[in-house]
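2 protein chains.
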Amino acid sequence: MTERFSYLDHLQCPRCQARYPAQAPRNLCHCGSPLLAGYDLDALRAALTPARLASRPPDLWRYHELLPVASAERVVSLGEPMTPLLMLPKLGASLDLADLWIKDDASLPTGTFKARGAAIGVSRAVELGIDRIAMPTNGNAGAAWAAYAAKAGLRCLVVMPEDAPEITRKECVVTGAEVHLVAGRIDDAGKMVARLVAGGEFFDVSTLKEPYRLEGKKTLGLEIAEQLGWRPPDVIVYPTGGGVGLLGIWKALQELRALGWLDGTLPRMVAVQATGCAPIVRAFEAGETVSQPWERSETIAFGITVPKPLGDFLILETLRQSHGRAVAVDDRAILADQAEMARREGRFICPEGAATVSAVRMLRQSGWLRREDRTLLINTGTGLKYPETVTAALPVLRPGEDIRGSTRRSGP
Amino acid sequence: MTERFSYLDHLQCPRCQARYPAQAPRNLCHCGSPLLAGYDLDALRAALTPARLASRPPDLWRYHELLPVASAERVVSLGEPMTPLLMLPKLGASLDLADLWIKDDASLPTGTFKARGAAIGVSRAVELGIDRIAMPTNGNAGAAWAAYAAKAGLRCLVVMPEDAPEITRKECVVTGAEVHLVAGRIDDAGKMVARLVAGGEFFDVSTLKEPYRLEGKKTLGLEIAEQLGWRPPDVIVYPTGGGVGLLGIWKALQELRALGWLDGTLPRMVAVQATGCAPIVRAFEAGETVSQPWERSETIAFGITVPKPLGDFLILETLRQSHGRAVAVDDRAILADQAEMARREGRFICPEGAATVSAVRMLRQSGWLRREDRTLLINTGTGLKYPETVTAALPVLRPGEDIRGSTRRSGP
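Chains as they are written, first to last, in this note's numbering: chain A, 615 to 1026; chain B, 615 to 1026.
What the hints contain is simulated information worked out from the structure, not anything from laboratory work. Be careful, since some hints might not be right.
To be verified - Simulated DEER-style distance windows between Cβ atoms:
#1 E687(B) to A668(A): 23 to 33 Å
#2 E687(B) to A665(A): 20 to 30 Å
#3 R985(A) to R629(B): 51 to 61 Å
#4 R985(A) to E687(B): 20 to 30 Å
#5 E909(A) to E687(B): 48 to 58 Å
#6 G1014(B) to P639(A): 19 to 29 Å
#7 A665(A) to T663(B): 13 to 23 Å
#8 M976(B) to D1016(A): 36 to 46 Å
All C-beta atoms in this analysis are idealised placements derived from N, C-alpha and C, irrespective of residue type, glycine included.
The whole structure should be built from the sequences, with the hints applied where relevant.
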């Protein structure tokens, strides 16, 4: 008997509970909600154990039974190494946190966690016979989907704000995507994509408008659980724009719990936003179940500039279910903590990731985080894509000039 | 009995064969040659098997017996995932190569293979009691050493040409290194560092002026061998500046052969340089055993702008021993092949890595490469650090504007 590669079973609406077969391309539920992938976990429980996982190659495809791609031949991969999960002893000490960790997704293709969603989303699109995809993006998702689309031979159209990190538009262009810039925000780009896909030429792969990007992000949670010996941390701190990573981590933990693989309790989930665009924080604090569009969004952490996330109700529900929090931090704090991370731990992370440092600083000061809480920061990407976050105006020496005679140390 | 973490035994001069103990910090041999680390391979042969390796975590420390760091407690790590080794079917088909592969080091900390040398070099420096290091760099090595030095709490001083990729100076600054720019080339920077270290305050960690950076680069060869089932490819194509990666791969294969782990024959090693700075190619073609300084070096592949590599005699010896070649490619070809790789395979690689594509294109056309040769390209870093290699001048739409009505596809 050949082994089943994927245990994907159906698509389900988390709002109205409608079920759909998973064999055809699908966007939202008829009720307007995102759809979630459902797996045959009862069958999988009998077929797979954590011990069997341990001998597999260290990439996100090791979890293929819990992913939607039906066979190994359909996998579109650029090489997705299991990303490092490491302790931050020096930064932790400075924050009075004895057990601070980072999950650092900078090592994925295109330098961000967006590769997880793109790897699974593109593989699944090809499998379902889709050959043209379109999406709005704040830059990094577009770069990742463009790269995987190039590998797969899919045509890819991307619309992004003109203020998105410049390198991301170059990534899209060099991999052959069709790129459009808009003098607006990601919601403006989203509306333009919606009108385009209504023409039927392109399939809409916007955040949560197709169900498989989230399955890719789920591998973040699967890796975290496996790397920590199937015992989740006490707190997970996630920079939240569209929130797919947060939902993916949570879905991973739910599925692993249903499989009986998890020890201990589920983590408290913390959503971090920038004070310049904090619809989830505002709704969380007001006790609302959905968010309201944020006007005039602006932050250096461009990736989390999402004025009205489509999955807001799911994010808010997750935060409350997990006894978590939503926290807003300002750009000054983000830049200071990006530098703090680099100087203390040698990691040049993206501003979105740095926002999680600022958040735990606040949460520790308020006492919500205890000193001994095992706290995990999610870094969503490399700082290399944000050169504007570091100033390095240095004098230029002439060859032969004496180093000591010229300038002093630039560091603290 | 506790197991031995490292089988490092001594340092040896490859030119005059002098031996030195490995317990003290050391730069060059008294004869002026770089020193190489020697291991007790006879003892190791009895202690380790490939099968035992297989169950270890997938990072470069899995090879700790063949690395110089004496104990696990001395490891300075930023998380170094085993990097992807993948087939390039579409690019291969376009080049008439049926078995073309890439080893892509973009997923390492700081986005380049320089992290390998820095991880081992910094760990070993700390172990030997060194607390201040200085080096010249074309950018990426400085960024990597600065990051690991920050993690370790070492003071780090870097001198780089003002033309080095701008992001690399920012990486050094953000991680707290002391950075000096020079209106010259890496050899000018090297002379300034040499004068500085003569003062005794800093330890010189220039390329091949200390023996352990090469041991880090050796892990590239160890990973390649293991990932290909201990059977080396027919040809390995490496972008050559200082050449430490090429020497490291070759040293890895020699040690694995001495351990009896390798199947098949050793690969032909190809050194790729830019026509704007090709001292190794010139010396190889002239049948010389050392290179002569290249005047007025200039290429978009900035990382391989090394006018006179210190290890030139070792590089040339390796190329000849392995029945390899040295090949020069021009910037126009490099940029075209960087785009070709991105469009066909979804990988945005650095210009140094793209030079290997141009090289195999030439070598296949000349017939030196056969269609069925298993050919492995080494990509040394991510394209994200070279934004100037891609042009993306795009019109900006107004929110609500129709996508189809404005511009056409940017790709081919």
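message = Within 36 to 46 Å: is that where the Cβ-Cβ distance between M976(B) and D1016(A) falls?
response = 44 Å, holds
query = Are R985(A) and R629(B) spaced within 51 to 61 Å by their CB atoms?
reply = 56 Å, holds
task = Could you say whether the range 48 to 58 Å given as a hint is met by the Cβ separation of E909(A) and E687(B)?
result = 53 Å, holds
Supplied distance hint 19 to 29 Å, evaluated on CB atoms of G1014(B) and P639(A) = Holds, since G1014(B) and P639(A) (Cβ atoms, about 27 Å apart) stay within the stated range.
ask   = Measuring from beta carbon to beta carbon, are R985(A) and E687(B) in 20 to 30 Å?
value = This hint holds: roughly 24 Å between Cβ atoms.
request  = Take a look at whether the Cβ-Cβ distance between E687(B) and A665(A) falls inside 20 to 30 Å.
outcome  = 29 Å, holds
C-beta pair A665(A), T663(B): status relative to the range 13 to 23 Å that was hinted = At 21 Å between Cβs, range holds.
ask   = Is it true that the C-beta distance of E687(B) to A668(A) lies inside 23 to 33 Å, as the hint says?
value = 25 Å, holds
Violated hints for the displayed structure: none, as all numbered hints are satisfied.
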